[in-house]
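So the chains spell out like this:
Protein chains: 2
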Amino acid sequence: MAATIEICKDTFIHKDAVEKLKRITPSEETLYSLSELFKVFGDTTRIKILFMLFVSEVCVCDIAAFLNMSQSAISHQLRILKQMRLVRFRRQGKTVFYSLDDNHIKRIFDQGLEHILERSRGERSNG
Amino acid sequence: MAATIEICKDTFIHKDAVEKLKRITPSEETLYSLSELFKVFGDTTRIKILFMLFVSEVCVCDIAAFLNMSQSAISHQLRILKQMRLVRFRRQGKTVFYSLDDNHIKRIFDQGLEHILERSRGERSNG
DNA sequence: GTCGCATATGAACAGATGAGCATATATAAT
DNA sequence: ATTATATATGCTCATCTGTTCATATGCGAC
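Chains as they are written, first to last, in the working numbering: chain D, 1 to 127; chain E, 128 to 254.
Hints were generated in silico from the structure; no laboratory data involved. Since this is a predicted model, take the numbers as computed values, not measurements. Any given hint could be a false lead.
[What the hints assert, rightly or not] In silico DSBU-like cross-links for lysine-lysine, where the CA-CA straight-line distance does not exceed 30 Å:
no.	chain 1	residue 1	chain 2	residue 2
1	D	Lys-106	E	Lys-149
2	E	Lys-147	D	Lys-82
3	E	Lys-147	D	Lys-39
4	E	Lys-149	D	Lys-94
5	E	Lys-233	D	Lys-15
6	D	Lys-39	D	Lys-106
7	D	Lys-20	E	Lys-166
8	D	Lys-82	E	Lys-136
9	E	Lys-221	D	Lys-9
10	D	Lys-20	E	Lys-221
11	E	Lys-209	D	Lys-15
12	E	Lys-166	E	Lys-149
13	D	Lys-22	D	Lys-9
14	D	Lys-106	E	Lys-147
15	E	Lys-142	D	Lys-106
16	E	Lys-221	D	Lys-82
17	E	Lys-221	D	Lys-15
18	D	Lys-22	E	Lys-209
19	D	Lys-9	E	Lys-209
20	D	Lys-82	D	Lys-39
21	D	Lys-82	D	Lys-106
22	E	Lys-166	D	Lys-106
23	D	Lys-39	E	Lys-221
24	D	Lys-94	E	Lys-142
25	D	Lys-94	E	Lys-136
26	D	Lys-106	E	Lys-209
27	D	Lys-22	E	Lys-221
28	E	Lys-209	D	Lys-39
29	D	Lys-20	E	Lys-147
30	D	Lys-39	E	Lys-149
31	E	Lys-147	D	Lys-94
[As the list claims (entries may be wrong)] Some but not every residue of chain D turned toward chain E, in silico, with C-beta under 8 Å:
no.	residue
32	Phe-12
33	Ser-27
34	Thr-30
35	Leu-31
36	Lys-39
37	Lys-48
38	Met-52
39	Phe-54
40	Leu-113
Think of the CB as a built atom: it goes at the ideal place given N, C-alpha and C, for glycine as much as any other residue.
Make a model of the complete structure from these sequences and hints.
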């Protein structure tokens with residue numbers, strides 16, 4: 001289904017740029033996984049949970065208590081984090097302890113925080 | 128509004144862990160910005176646009192043509208990227224060229240890709 | 001087995017989000 | 001001025017998402 005809207009007559013992108021682009025761009029499937037991963041990071045509740053796990057292994061009820069949210073809400077979010085292989089869990093009696101299962105998260109967050117920091121610096125000097 | 132649901136009687140999180148957590152956790156406002164940033168990365172269209180910009184400066188119509196999407200859709204997404212200060216633009220006649228305005232993006236993507244790669248490795252060996 | 005507590009999960013509902021359409025704006029040419 | 005082209009934007013709608021509620025499951029104590 002081609003675009004019915006007229007697209008610009010002149011193309012500015014160079015052949016070698018297109019070549020390079022095709023070389024560096026991951027597969028459609030990988031791009032999808034990448035977006036799914038970042039979607040997981042796109043929610044403050046999940047970010048807060050991950051920050052808790054940066055410090056130590058924590059049980060569900062402690063997360064709920066600390067974030068002042070329902071056990072159900074936390075459990076739902078932990079499932080998403082689990083599906084993305086960002087956290088693991090171990091059972092100890094009735095309690096389930098969650099911990100980090102990835103060492104990229106911290107680095108990703110740090111890079112994100114740096115971006116935000118630089119952006120707010122720019123806001124201050126630009127007015 | 129306190130949780131009406133009963134939360135676990137015993138707390139497992141230690142005092143010093145809570146102290147450390149409060150020390151390393153960014154402000155509510157920063158956490159919100161961080162989630163907003165990752166939300167922007169949580170869409171394949173925007174990821175694809177950013178990958179194009181990794182290679183070179185590109186105009187709107189070339190993005191639309193390359194991704195086989197409407198000019199309007201691309202423009203909407205570019206606005207979001209602009210708001211997040213991830214891209215900048217310059218006008219040349221009728222054409223508007225967009226380019227990257229941040230050097231953290233590539234690193235964030237690389238870390239994300241590494242996570243995905245390791246995860247798929249695990250899937251293969253775990254069955 | 002029953003009871004109580006910790007966690008998981010399905011359904012439902014409100015709010016957010018991405019794309020399409022129509023239209024507005026910007027620039028250049030005439 | 002008008003016309004044509006490139007981009008931006010407001011509105012709408014279908015889809016997705018996060019939370020709540022109710023309920024199920026898992027485990028230990030009895």
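Hint numbers not upheld by this structure, sorted from lowest to highest: The structure conflicts with hints 16, 23, 29 and 33, although it agrees with all the remaining ones.
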